[in-house]
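**Q** Generate coordinates for the entire structure from the input sequences, incorporating the hints supplied.
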Amino acid sequence: MSVRDDFTARIPGGDAGLIVLVLLGTYLAYVLAGLVLGYTLRGQLNSIATLTFYIGVFAMLSLALNLHWGYTGLFNIGIVGFMAVGVYVTAIVTKPTYVAGGAAQVGGLGLPLWVGILAGMLAAALLGLVVALPALRLRADYLAIVTIAMSEIVRFSFLSGELQQFQLLGNRVGFGGGSGLILDFAPPLEALLRGVGLWNGYLGFVDAFQVVVPRNPKPVVDGLIYGLLLLGFVAGFYWLLKRTGESPFGRVLKAIREDEDVANALGKNTDRFKIKSFMLGCALMGLAGILWLVPQGAVTPNFFRPRVTFFVWIALIIGGAGSNTGSVLGGAIFAAVLYQGPRYFQNLVSAVFPNLDSPSGFGQAISPLISQFDPVPFLLYTVDSIRQLQLVVMGLVLIWLMHNRPEGMLGYRKETASVIPLSRPKSMAADGGDDDSVRTDGGVDAAAQGGETDE
Amino acid sequence: MSDAADQPVEDVANKVDEGALGAFASGVDTSVDYPLQVEGLEKSFGGITAVDGATFEVESGTLTGLIGPNGAGKSTTFNLITGMLKPDAGTVTFNGEDITGEEPHQIANRGMVRTFQIARELSEMTVLENMMLAPKNQRGEALWRSVMPGVRDDVREQEEELLERVWEVLDFFDIAHIAEEYAGNLSGGQRKLLEMARALLTDPDMLLLDEPFAGVNPTLEKKLLEHVHELREQGYTFLLVEHDMDLIMDNCEHVIVLHQGSVLTEGTPDEIRSNEEVIEAYLGGNV
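As they're listed, the protein sequences go chains Z and U. Per full-length UniProt numbering, residue 1 is the first one in the first sequence, and the count goes up by one each step. Per full-length UniProt numbering, residue 1 is the first one in the second sequence, and the count goes up by one each step.
Worth flagging that the hints you see were computed from the coordinates, not collected in a lab. Check each hint, because a few of them may be wrong.
[Claimed, not checked] Okay, the calculated bits of chain Z under chain U, using three or more residues with CB under 8 Å as the criterion:
hint, region
1, 233–246
2, 252–264
3, 416–422
[Claimed, not checked] Each computed DSSO-like pair below joins lysine-lysine, with the alpha-carbon atoms no more than 30 Å apart:
hint, chain 1, residue 1, chain 2, residue 2
4, Z, K242, U, K86
5, Z, K426, U, K86
6, Z, K426, U, K136
7, U, K86, U, K136
8, Z, K426, Z, K218
9, U, K136, U, K223
It should be emphasised that the depicted structure is a prediction, and the values quoted were computed from it without experimental measurement. Glycine residues also receive a C-beta, built at the ideal position from the N, C-alpha and C atoms.
**A** As structure tokens, then:
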């Protein structure tokens, strides 16, 4: 992973070009793997859709975390809690009202999905506020403890029997306890297309897609289009966070990350900036959670275990904290290589070597290695268990990164925190230093007048 | 540092006078004779009393030195004045208003800005970003203004104005040639310059400098002092903590001597120089 400054500078199209290049490379690898696996076209399209889905969600989460950690230096390890609150609040607001004898144990408020999504984001942001108010005044590591504890409290609250069902605005609603909630409303893609009046057109397009996928093309098309929609959201996150970072607001966040006392001594109300940054990031995490889980049709609390949080951290560390482009790349590479990769690798191995006779237990795998120095059974066993070893692989990657490239792929890049480029204004004469790039001569008096500001 | 250092200082000062710095100084209210008044300040940590009833005033438009042996409570007093620490007792008055116990950012926004003993540059930010951070009341510090299309043009406009001020101050301090550097790559002396320049951009009435000359070579020290004197002539008030007695004696109009957390004596450098108590305090005698 020897990415260097000159490497990224040579990519045509700049950062967008780099992202597109990495995505294309990933897709190519997956398509090639699919060919080896003998996937049908349908299988290939499905695998691309799944890959895009995970690239989308991890890129979004990684971007949101970058706002917290990369820009503001806020050590949030409760990401999954904000996702959970976003999803559950969306569910309660959007689920149809309770009807006795229906499939669902509890109902919701029956409001449109977009209301639910906004409510979910707002709830995640408010939870962020509640967490931030006491914790932000403490040192960074205390925020970490508070956030991870909060995410577990959230999960256990949703698991709790007490909150399984309750009355809200005269409706029977609830979190469904351990069995979770059925999300019995139109998924985001359908809701969006119906909302803009393109649903019938979309169904027509699905029918036309039968040329490519003859039987039941709808799930395939749904997956692909939803993947595209998620990439659109990634672009939206990127746009928002780039503007946030490249502004006076982002400049203060950066200063807080570097040395909060200095920012404070320069007259910046750092607590307020931290809270705003934290709440915005939490709302975006909530949205990412909603976009991840609502299309699944059901949600259970135990999805929201802390490991999802650490997945996002790994994605950000791979990409490089502090860089938005890096966050997107980190999300994409994490999704493709570490999240979906092991599964593919295992399928590939069993497709290429269909008659591999791997040992059925650890004992059988390890004993030939010890008694006869025969590593083959152990290797076979390892390959066969690669999916179970996913977390181990992630840990190894993390350790390797920490040792060899702690700044991640693009973490060395500093995205200047200002709305405009900070080079010497053209109207000013360069007379104070030996800044050869912009040195002009004459007009000193006139130029200096330009600095008058009327405050 | 650069060829510009050979330039007569008056030239730079004249230019700056017409520019942004002139505008800063015009905001200083000269009707208040003593912008900073400290009354009976007390602070103890555990059982140790660091500041014990310090009372003094700083006259407008002066360069006032705060000296004292190690452990006299100079830095703690600074932290109490600027809100980094909350006093156990006593009051701090700035421009006639009680600012005791206010947050550092509130005090900075009132026009009293400090620098730190060990220069605290924002190392992963460029010199320009460091400088652009400082000005007060930036429109783009409101998140929505920075993000919303259309409104952002307002922010852009102000950024352009600020940028010109920033470059003028960079020129004034002769650090324009390192503008694009990361602050973490600067030498110790350049960091001191950056810190003072950054503090100046907040448009203060009064600057509190905590040992600005510690670890600075004599040439740069001379230059820093020239800057301080120029700014003082423009109407800024300075309170200076410093160890170097000679430097204080040669440059300050008024000297306050702290000893064991309270003011031992104060007066002109000549008065201080001949004061028996001060000599004794510095030589470690019991007072």
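**Q** Each hint needs a verdict: does it hold in this structure or not?
**A** Right, here's what the structure says about each hint:
Counting residues of the region 233–246 of chain Z whose CB falls under 8 Å from any CB of chain U gives 3; the rule of at least 3 is met. For the region 252–264 of chain Z, the stated coverage by chain U is satisfied: 10 residues place a CB nearer than 8 Å to a CB of that chain, which reaches the threshold of 3. Remark: the region 416–422 of chain Z is confirmed as covered by chain U, as 6 of its residues place a Cβ nearer than 8 Å to a Cβ of that chain, reaching the required three. Between Z:K242 and U:K86, the direct Cα distance comes to roughly 38 Å. Violation of the 30 Å bound is thereby established for this hinted pair.
With a C-alpha separation of about 46 Å, the suggested pair Z:K426 and U:K86 falls outside the 30 Å cut-off, and the hint is violated. Under the criterion of a C-alpha separation no larger than 30 Å, the hint pairing Z:K426 with U:K136 is consistent with the structure, at around 24 Å. Distance hint between U:K86 and U:K136 is fulfilled; the C-alpha atoms sit about 24 Å from each other, no more than 30 Å. Proposed proximity of Z:K426 and Z:K218 is contradicted: the alpha carbons are some 57 Å apart, above 30 Å.
With a C-alpha separation of about 27 Å, the suggested pairing of U:K136 with U:K223 holds against the 30 Å cut-off.
The structure does not agree with the numbered hints 4, 5 and 8 stated previously, though it agrees with the rest.
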